[in-house]
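Undergrad: Here is what each chain is made of, one letter per residue.
Number of protein chains: 4
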Amino acid sequence: MKKILVINTGGTFNKVYNPLTGNLDIDKKGKALKEIQNLWLNTFKIINIIGKDSIDMDKQDRAKILSVIQENSETRVIVIHGTDTMDKTANYLAKAKLNKKIVLTGAMVPYSINPTEATANFSSAYGYILGINQKGVHISMNGRIKNHKRVIKNKEKGYFENTK
Amino acid sequence: MKKILVINTGGTFNKVYNPLTGNLDIDKKGKALKEIQNLWLNTFKIINIIGKDSIDMDKQDRAKILSVIQENSETRVIVIHGTDTMDKTANYLAKAKLNKKIVLTGAMVPYSINPTEATANFSSAYGYILGINQKGVHISMNGRIKNHKRVIKNKEKGYFENTK
Amino acid sequence: MKKILVINTGGTFNKVYNPLTGNLDIDKKGKALKEIQNLWLNTFKIINIIGKDSIDMDKQDRAKILSVIQENSETRVIVIHGTDTMDKTANYLAKAKLNKKIVLTGAMVPYSINPTEATANFSSAYGYILGINQKGVHISMNGRIKNHKRVIKNKEKGYFENTK
Amino acid sequence: MKKILVINTGGTFNKVYNPLTGNLDIDKKGKALKEIQNLWLNTFKIINIIGKDSIDMDKQDRAKILSVIQENSETRVIVIHGTDTMDKTANYLAKAKLNKKIVLTGAMVPYSINPTEATANFSSAYGYILGINQKGVHISMNGRIKNHKRVIKNKEKGYFENTK
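If you're matching them up, the sequences are chains A, B, C and D in order. Be aware that the first sequence starts at 1, since it is given in the working numbering, and climbs by one per residue. Be aware that the second sequence starts at 165, since it is given in the working numbering, and climbs by one per residue. Be aware that the third sequence starts at 329, since it is given in the working numbering, and climbs by one per residue. Be aware that the fourth sequence starts at 493, since it is given in the working numbering, and climbs by one per residue.
Chain A extracted, bound-state conformation:
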């Protein structure tokens, strides 16, 4: 069976501390995801694109994500994405009505600072995509994994929750 495709677009998941500036920069080489792959198992294929905070993503970035999904033959796709506009990209991808299983995920805390939450979000997305039958666009954050319309960020609490 084909590997799962992981499209890594940036976001908090990939941030690393830069001692020269004191800022958290997005690692465009996706070292965090490669570390999960190395410490776990090589059961997914990684494509790194964009490398942005999701708040800075524009129409072209979303079109890019869609085209990478379409150009690759894998039917199970995880998209690592910033949390601020994860819902917007999910909506955009859902409108394309692809015949694929897609799960968006990310992190509230960079993997490089504390690997637990980022690993849990990614790995639960991975398990979910192996388990489900239904095609469509889903979100997996903080243990909430459902159709993308039913999982939203609570900006005050700092985690994702189910819609009522």
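Keep in mind the hints are simulated off the structure, nothing from the lab. Idealized CB from N, CA, C, for every residue including glycine. All the given hints hold, so there is nothing to weed out.
Stretch-level coverage of chain D by chain C, calculated; a stretch enters the list once three of its residues show a Cβ under 8 Å from a Cβ in chain C:
id, segment
1, 597-608
2, 622-628
Covered stretches of chain C (in silico footprint by chain D; criterion: 3 or more residues with CB under 8 Å from a CB of chain D, positions within the stretch not fixed):
id, segment
3, 444-450
4, 456-462
Since the structure of chain A is provided, determine the placement of chains B, C and D on it from the hints.
TA: Same frame as chain A, but now just chains B, C and D:
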């Protein structure tokens, strides 16, 4: 919807370094799992039992796991278990033909030493159990998640793989 | 013999990730230093003051550090301080010509992100202050430990080095 | 000025988890010390020898440590050593009455499991050796840094303390 039940039985997942003896002891209070719960989200219920390496588990221990599954009403159950006899316990639970979704998982490296693999195994089990329709007993280790008969430990390589 | 006094004024050493804002905030409770104390040994007394990046410190802040040193009877004092104006505070304290051994230290990487450099800077300051006879103001950063005028930050390379 | 010489002989400081056996093995390549060097600064020269738990060290091992100290011209030497017979090796080296500053150090917890205590022990030894004038053999463990006869392991409490 009911939370997922996590039965934590010990194994490498829960080992912590003891500076007085230089040994790795099993933490029977399940601090590792509680840390995942705190850093992620409180979407599962934990019961700590047994607290053994799976090589030391006997018939009574397996009967205990079965009875805890039966006594609790949750229909989705993750069992954290040592890796050496995970297959044996899975077989034992499968024979009971429970009308529940059960996934066994564990770790090759203690969470306290490096949290990534343990978190990935647990969280992919969690995602899988949310995604699947079929009842039965499954194993989730190192990105391999299938019916328990199709995932086995490769003791020379140090990870689990699919049977042919 | 009296404990060493550690005055913790903030800086990168104490920064922690805030998932709600995505920023690195200064932890004014000094959790990092307490963790070193707990994992190592309780051989120093901690006073937390100011809680600022050193670039934001003003004359009053420096006067505050000086007064805390003067008010406490310990003759061996470590000051944890941001790196940008560590030299300025060192100069200010040197002018007071106190009859004490003073070492300023800090970190280029927050303890909460990677504990090694912060712990190394602090602990080498600690060892140095136990070893030296001479009174005066010193800086301990990145393995360079000397009179404060002979250790300076190289902002391009991201570490401290000796003056020629 | 010459770098400090660090002779890395093994012990808990250098232990790493082996997923194939479940044991903690001594890393003879000294990856922990190299990591401190890389994250801190390249101000010391490393020689890896022996690679044993100190409880397994024999007369030949101690003779080897002595000969490496004698063969190298550095007058400031840190010896990373297991904790169980650190006092014995210190005594042995003291009898040689070398005209050098020697500090023995090690760890109660492996660097690979939690870097803080190992880094603190090593770095305080480093700072101490830069600060002191007196030649002789010292021990630096858990914030206690003195002549080797005045710092001993408390096996029940799991840390080193001063003799009365």
